[in-house]
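Those protein sequences? They're chains A and B, same order as listed.
For the first sequence, the working numbering gives the first residue as 1, with consecutive numbering after it.
For the second sequence, the working numbering gives the first residue as 1, with consecutive numbering after it.
There could be a bad hint or two in this list.
Repeated chains share a single entry, so a pair holds when one copy, or any two copies, can fit it.
[What the hints assert, rightly or not] Listed below are the simulated DSSO-like cross-link pairs for lysine-lysine, each with C-alpha atoms no more than 30 Å apart in a straight line: (1) Lys27 <-> Lys224; (2) Lys18 <-> Lys135; (3) Lys244 <-> Lys213; (4) Lys213 <-> Lys27; (5) Lys244 <-> Lys154; (6) Lys244 <-> Lys146; (7) Lys224 <-> Lys3; (8) Lys18 <-> Lys244; (9) Lys146 <-> Lys224.
Treat the hints as calculated values from the structure; they're not laboratory data.
Number of protein chains: 2
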Amino acid sequence: MIKIIIIGTGNLGTELCKGFERSNSCKLVGYFNRSNRKIDNLKAPLLENFNVVPACDIILLCTPDDVIATVSAALNTTAIVAHTSGSVALSAVSNHQQHGVFYLPQSFSSSRNVQFEDLIICLEASSNPVMEQLKILGSSLSRKHKHLDSMQRKRLHLAAVYANNFVNHCYLKTQELLEREQLDLAILEPLLRETLEKALAIGPLNAQTGPAKRSDFNTIETHKNMLETTDRDMYETITRSILKTYGTEL
Amino acid sequence: MIKIIIIGTGNLGTELCKGFERSNSCKLVGYFNRSNRKIDNLKAPLLENFNVVPACDIILLCTPDDVIATVSAALNTTAIVAHTSGSVALSAVSNHQQHGVFYLPQSFSSSRNVQFEDLIICLEASSNPVMEQLKILGSSLSRKHKHLDSMQRKRLHLAAVYANNFVNHCYLKTQELLEREQLDLAILEPLLRETLEKALAIGPLNAQTGPAKRSDFNTIETHKNMLETTDRDMYETITRSILKTYGTEL
Numbered sequence: 001m002i003k004i005i006i007i008g009t010g011n012l013g014t015e016l017c018k019g020f021e022r023s024n025s026c027k028l029v030g031y032f033n034r035s036n037r038k039i040d041n042l043k044a045p046l047l048e049n050f051n052v053v054p055a056c057d058i059i060l061l062c063t064p065d066d067v068i069a070t071v072s073a074a075l076n077t078t079a080i081v082a083h084t085s086g087s088v089a090l091s092a093v094s095n096h097q098q099h100g101v102f103y104l105p106q107s108f109s110s111s112r113n114v115q116f117e118d119l120i121i122c123l124e125a126s127s128n129p130v131m132e133q134l135k136i137l138g139s140s141l142s143r144k145h146k147h148l149d150s151m152q153r154k155r156l157h158l159a160a161v162y163a164n165n166f167v168n169h170c171y172l173k174t175q176e177l178l179e180r181e182q183l184d185l186a187i188l189e190p191l192l193r194e195t196l197e198k199a200l201a202i203g204p205l206n207a208q209t210g211p212a213k214r215s216d217f218n219t220i221e222t223h224k225n226m227l228e229t230t231d232r233d234m235y236e237t238i239t240r241s242i243l244k245t246y247g248t249e250l
Numbered sequence: 001m002i003k004i005i006i007i008g009t010g011n012l013g014t015e016l017c018k019g020f021e022r023s024n025s026c027k028l029v030g031y032f033n034r035s036n037r038k039i040d041n042l043k044a045p046l047l048e049n050f051n052v053v054p055a056c057d058i059i060l061l062c063t064p065d066d067v068i069a070t071v072s073a074a075l076n077t078t079a080i081v082a083h084t085s086g087s088v089a090l091s092a093v094s095n096h097q098q099h100g101v102f103y104l105p106q107s108f109s110s111s112r113n114v115q116f117e118d119l120i121i122c123l124e125a126s127s128n129p130v131m132e133q134l135k136i137l138g139s140s141l142s143r144k145h146k147h148l149d150s151m152q153r154k155r156l157h158l159a160a161v162y163a164n165n166f167v168n169h170c171y172l173k174t175q176e177l178l179e180r181e182q183l184d185l186a187i188l189e190p191l192l193r194e195t196l197e198k199a200l201a202i203g204p205l206n207a208q209t210g211p212a213k214r215s216d217f218n219t220i221e222t223h224k225n226m227l228e229t230t231d232r233d234m235y236e237t238i239t240r241s242i243l244k245t246y247g248t249e250l
């Protein structure tokens with residue numbers, strides 16, 4: 001049974017602690033965090049002395065991107081050290097002989113329980129034996145995994161910014177417009193669901209509709225006049241990109 | 001039983017013909033279209049002589065926005081005439097004594113069967129009796145309806161551009177980035193689903209994560225350098241809008 005330690009218990013680290021503890025195929029030895037804060041409903045202990053790391057097979061770094069290399073450098077261990085970031089290269093943990101990346105392309109929040117089962121866990125490793133260990137660890141959360149090198153993962157992470165951050169911001173703009181008419185986001189829930197299902201079913205290139213797709217400049221003009229400066233910039237820029245995609249340059 | 005005629009059989013008109021014919025509470029008398037094209041698997045006849053409109057209670061205009069007023073002006077009838085556009089005002093059909101709007105906030109494609117049941121049908125009418133008739137017609141498709149005036153509907157339609165057109169375009173950019181690394185959109189399907197569910201559950205303002213939300217300018221800079229001109233414009237503009245939302249002006 002793989003023994004694991006987690007360093008960093010933000011949203012991702014906390015969800016991973018819970019996920020590994022639910023699993024029967026690995027053992028969470030304990031977890032570190034900067035503020036020595038105990039996580040509720042976890043059997044594994046909070047570890048407080050960073051100079052004495054208990055024996056384990058894999059240490060997962062779930063810290064913010066910009067401190068991964070620093071934490072890795074300070075860590076005295078012979079275990080596999082893997083980070084969990086989409087945008088940081090494998091080399092950030094290469095001071096350890098056995099090192100790797102264990103990246104979950106999902107958005108984690110304290111208020112939501114994420115299902116790990118369907119996630120494709122993205123793995124990178126310093127050697128085949130390390131990769132095998134990471135696969136076994138991954139299988140305790142999900143049946144799916146994939147090898148991605150640092151460049152592929154970096155591009156995937158940028159894609160995830162569009163898929164999550166930018167899509168969510170479009171949802172926010174939707175909600176703001178509706179609220180001006182005392183309408184709730186729920187009125188468009190069927191549209192939001194169909195938008196996702198259609199894109200998955202026939203691909204976003206075929207799924208596109210709307211004024212920009214059909215070069216309906218009257219409607220585009222009317223819409224722009226309904227928006228204030230920042231929102232108009234965003235409307236114009238996305239519209240220009242859609243026009244370009246379907247062959248109409250502005 | 002309400003007798004209905006449809007004018008215009010694009011994606012929306014065709015889906016409505018099928019939806020009304022499936023229903024037991026109204027009768028599709030027939031349908032007109034510009035090219036006299038018969039719709040497959042429909043019992044109701046294609047109507048070809050626009051000067052002789054058969055007796056009916058409601059005529060629904062499902063034509064493009066820019067010809068609604070023209071078609072309405074050419075139509076000789078005493079029935080209720082209602083258009084189905086999100087962005088056109090009620091007044092476009094006001095040459096008829098009984099007139100209204102029957103708007104479905106959904107995206108219709110020939111390749112997809114849309115479920116009407118959960119849609120909130122948005123109604124506007126020239127009088128209470130007309131509104132009652134439109135409600136009865138709406139109930140043949142969905143249990144939900146709502147009265148919206150022309151301004152509310154116009155703003156809802158703009159909101160739907162963000163919810164559908166702009167979100168779908170973000171999906172396209174996601175897919176393009178993945179394809180550069182020979183990855184399929186399916187790798188991010190769990191993220192896309194969680195993005196929607198989280199926004200609906202806790203609201204998009206609380207659901208936002210990512211480099212722009214946490215003012216992580218290093219990652220933003222790295223991302224910008226991975227993109228070409230048009231894509232960089234879009235990345236920058238949406239990022240600026242997120243930064244502004246969470247209090248960081250660039």
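Comparing the hints with the structure gives:
Taking CA atoms no more than 30 Å apart as the test, Lys27 paired with Lys224 passes in neither setting, with 56 Å inside one copy and 40 Å between copies. In the homo-oligomer, the alpha carbons of Lys18 and Lys135 lie at most 30 Å apart inside one protomer (19 Å), although the nearest pairing across protomers, at 50 Å, exceeds that limit. Within a single copy, Lys244 and Lys213 get their C-alpha atoms as close as 9 Å, and across copies as close as 28 Å, so both meet the 30 Å cut-off. Within a single copy, Lys213 and Lys27 get their C-alpha atoms no closer than 52 Å, and across copies no closer than 34 Å, so neither meets the 30 Å cut-off.
Taking the shortest Cα distances, Lys244 and Lys154 sit within 30 Å of each other both inside one copy (26 Å) and across copies (26 Å). In this homomeric assembly, Lys244 and Lys146 never come within 30 Å of each other (Cα to Cα): the closest approach is 33 Å inside a single copy and 36 Å across copies. Taking CA atoms no more than 30 Å apart as the test, Lys224 paired with Lys3 passes in neither setting, with 57 Å inside one copy and 39 Å between copies. Within a single copy, Lys18 and Lys244 get their C-alpha atoms no closer than 46 Å, and across copies no closer than 35 Å, so neither meets the 30 Å cut-off.
For the identical chains of this complex, Lys146 and Lys224 are inter-copy neighbours only, at 26 Å across copies versus 43 Å inside a copy, given an alpha-carbon limit of 30 Å.
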